[in-house]
Amino acid sequence: MLTILFDGIAYGMVLFVLACGLSVTLGLMNFVNLAHGAFAMAGGYTTAILMNRYGWSFIATLPMAFFVPALVGLLLERTLYRRLYGASHLDQVLFSIGLVFMAVAATDYFMGSQPQLIQIPEWLRGRVDIFGVQVGLYRSFIIAVCGVLVIALQLVLTQTRFGSRLRAAVDDPRVARGLGIPVEFVFAVTFAVGSGIAGLGGALGAEILGLDPTFPFKFMIYFLIVVTVGGTSSLIGPFLAALLLGIADVGGKYFVPELGAFVIYTVMIVVLVFRPKGLFARG
Amino acid sequence: MSAPALETRGLMKRFGGIVATNDVSFRLAQGERHALIGPNGAGKTTFVNLLTGVHAPSAGQIFLEGQEITNLSAERRVKRGLVRTFQINQLFGAMTPLETLGVAVSEVGGSGADWWRVAGSKARVLDDIAEIAARFGLADVLEARTATLPYGKQRLLEIAVAFACRPRVLLLDEPAAGVPEAERQELLATVCALPRDVSILLIEHDMDLVFSFAEKISVLVDGALLTQGTVAEISRDPRVRAVYLGESADG
Amino acid sequence: MAKFADSVADRAAASLLKRGRWRPAEILFWLVAFGAVYALPGHHLILNEIAIIGLFAVSLDLILGFAGIASLGHAAFFGVGAYAAGLLAIHVTADPVLGLVFATLLMAVVGYVSSFLVLRGADLTRLMVTLGVALVFGEIANKNGWLTGGADGLQGIFMAPVFGVFEFDLFGRTAFAYSLVVTFLLFVVARRIVASPFGLSLLAIRDNPLRARAIGIPVNARLSAIYAIAAAYAGAAGALLAQSAQFVSIDVLAFHRSADVLLMLVIGGTGYLYGGIVGAIVFKVLQEVISDWTPQYWTFWVGALLVVLVLVGRDRVGARVSQLWARLGRGTR
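Protein chains in written order, with our numbering: chain A, 14 to 296; chain B, 6 to 256; chain C, 87 to 419.
Extracted from the complex, chain A is given alone in its bound form (with noise of 0.2 Å):
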């Protein structure tokens, strides 16, 4: 039960640190970007490759599951996105699926259609008692791991110089501009940060999630609902929102498997419904 509890977390935690760039580039520079999880995948098929095929340990893949994400999405963000921030929602969805579209064909082109194996390092591996609940030892990594993500993110955004230029230059970006802030560098630097992190979660749960090309499909409802049913006025509304998701997902599969993803459909609709704004929103 417990274990079902703490696995739900951990499942929680990682589509938090999947979704939160989208909740970045959705909530704070309105843009619906429905091929985040592409730059999920493209981090967590870093770490395959690099682990596979140049032997590297999981543990040093990881910098490299941010950065070559955030690369690509910066050299995106740069030639193309840009040109869409004005753009209608509608027209930023037809992109961005069509990126999606590609991404996925493009990988299983290269990379076969067969789930990539993450092996995870001996010393994470298994499970241990305490106070007589199973806890398996990766799954405690990631929760860690995102945890510090979370706290880490929440101190930039409210605390740093960059998060309010970022928040200045969403509120208003002429008025931003004339304040001398660097609105476009802003965006980009957002976008890639945004993409790298997303990255990350796709190396940290491919384990959990599963890896193949379909992976942007499969998981983009998850990311939109995280998003969507946290609102986009903090980041603390989306993580709690994670976390729900990923117990009751957990949980669902485990208890009433027959149900399926109907629920959690079910609930975002329900949601959207009554509180477009998101279920932590205030007022």
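Treat the hints with care, since some could be wrong.
[As the list claims (entries may be wrong)] No farther apart than 25 Å at their CA atoms in a straight line, the calculated lysine to aspartate or glutamate pairs in the DMTMM-like style are these:
#1 A:K231 <-> C:D238
#2 A:K231 <-> A:D262
#3 A:K290 <-> A:D262
#4 A:K266 <-> C:E225
#5 B:K84 <-> B:D132
#6 C:K104 <-> B:D119
#7 C:K229 <-> A:D262
#8 C:K104 <-> B:D132
#9 A:K290 <-> A:D20
#10 C:K104 <-> B:E148
#11 A:K231 <-> C:D293
#12 B:K84 <-> B:D213
#13 A:K266 <-> C:D209
#14 B:K84 <-> C:D293
#15 A:K290 <-> C:D209
#16 C:K229 <-> A:D104
#17 C:K104 <-> B:E191
#18 C:K370 <-> A:D104
#19 B:K221 <-> B:E191
#20 B:K84 <-> B:E136
#21 A:K266 <-> C:D238
#22 C:K229 <-> A:E271
If you are wondering where the hints come from, they were derived from the structure by calculation, not from laboratory data.
Guided by the hints, dock chains B and C onto chain A, whose structure is given.
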């Protein structure tokens, strides 16, 4: 004596702790030309939104020709004859004035939901469109895309659409706002020539327009009615002067 | 003065009625389409598919192009319509026309009910809710294998001849003729709808919902109505697919169905009804060509096409197509 065209009793609107409309009891007589003035932030927009059903009042009642409309939806109020124009043009950019007026005329005539006949097949609707187009000087541009019309024409269309709904009471929200001097005269003449069976409440900043058009003036300050009177009374009223002088000293 | 008003009214009538008039190019188009029943015997299977997804795309155009409702889950109605027709054929009657009518009406009801979920929010909320609704239906179909066959698909559909006369053949000729007639008839109705006062009021809502409300248009009721109509059309398209394939795959409810139909509409251009059909033709032909050339990676080029279309500006592409269309018909819009 007939009921006033439009009446509010003790109308209140609070947003959180802010009182945007404070106990406004207001009467617009049948056929009257009435102007509502007040400095920026006096609550004119909120008042209009309450009248037209955008916001629900926190307290108070609204009557249109003696019938309570406080709880009617925005659309029902329009059907009853309370129609507004917007300070910033709210038009259908991709449609032509012809289509725009057609939609409004069909809607008020009860045939707006007809889906089985091609628009343009009802003579009554067409006659109404032609008449309104002539009244508002739009006959020559009926088939142009609205978004491409000169601003003055768009402004006329803005009023024409509202007029096409056969209003009993017309709320004109700064009808001349932003219209270049060259096109202004046509607009003012058109507004002044609106038929007498339509009662008009003009929300305006421009005192020239107010004084040349209105018979009565109400002054709204901080959400409450400061005073009401004829043009002559209001222009002499020291409190009104203070409000406006105070405002111009600020700005 | 009266004379003047009369002439304005006449001009207005002429201008409005033009929206409903058949242009030569349109007549030609449908003649060619019906001619294909006889002229292109080797291609009836793909032509049948084009007629079906063309109808599906027209249905999306009704809400997106004419009423401004963006949907990421239009496949919900297509898919459920397909299951409805398939199940009816298995359990109740093998008559195709009855099945078609049943699926269409059922989807009108489902569309009407779900419109209340969809119409509440802004664009983004709508996209998400439509997506969510489609996912829910997909999950229901997936988890209720006893009814739908689950991931294996719904098998064992047998269709009786259309009107008891025209038997479905292996080469898809009857199927194509049947789908084409249905698509044509529904298209004629859609054409009427968009040229009607109701259709004009939808355009008004699309352009400016605030003002539409301020001139007394009951915005939500109108949107619910067109959403139900579009759902019915999508359901009809799904029913045609189920009946002509005599099989319903779970894939009818898949996300890529909703994305594909959006793409078709974007290719052909929104807001003039033929966009959906043009898009369906281009889409299917491209799919054939590219799949021949790089079998699995059709998705990649679909994606690339979407990206390019959006970056170039789909309005511009769409406007180009509809202008061309207008010029062909010597009409102006």
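Original post:
Are K229 (chain C) and E271 (chain A) close enough, with their CA atoms no more than 25 Å apart?
Top reply: holds, 6 Å
Subject >> Given pair status - D20 (chain A), K290 (chain A), alpha carbons within 25 Å >> reply: Status violated; Cα separation ~28 Å.
**OP:** Measure nothing beyond the straight line between the CA atoms of K231 (chain A) and D262 (chain A); if it is 25 Å or shorter, mark the hint as holding.
**Re:** holds, 14 Å
**OP:** For the pair supplied as a hint, K290 (chain A) and D262 (chain A), confirm whether the alpha-carbon distance does not exceed 25 Å.
**Re:** Distance ~22 Å between K290 (chain A) and D262 (chain A) Cα, so the pair holds.
Original post:
If you draw a straight line from the CA of K370 (chain C) to the CA of D104 (chain A), is it 25 Å or shorter?
Top reply: OK: K370 (chain C) and D104 (chain A) at ~22 Å, within 25 Å.
Subject >> Straight-line alpha-carbon gap K104 (chain C) to E148 (chain B), limit 25 Å >> reply: holds, 12 Å
Original post:
Is the hinted pair K266 (chain A) and D209 (chain C) satisfied, with a Cα-Cα distance of at most 25 Å?
Top reply: Violated, at roughly 32 Å.
Subject >> Hint consistency between K84 (chain B) and D132 (chain B) [alpha-carbon to alpha-carbon, up to 25 Å] >> reply: holds, 20 Å
Original post:
Are the Cα atoms of K290 (chain A) and D209 (chain C) separated by 25 Å or less?
Top reply: holds, 13 Å
Original post:
Given the proposed pairing of K221 (chain B) with E191 (chain B), does the C-alpha separation stay at or below 25 Å?
Top reply: Measuring from Cα to Cα gives roughly 23 Å; hence the hint holds.
**OP:** Decide if the proposed pair is consistent with the structure: K104 (chain C) and D132 (chain B), CA atoms, cutoff 25 Å inclusive.
**Re:** This hinted pair holds, its Cα atoms lying about 18 Å apart.
Subject >> Straight-line alpha-carbon gap K84 (chain B) to D213 (chain B), limit 25 Å >> reply: At roughly 32 Å apart (the allowed maximum being 25 Å), D213 (chain B) and K84 (chain B) break the hint.
Hint compliance for this structure: hints 9, 11, 12, 13, 16 and 17 are broken, all remaining hints hold.
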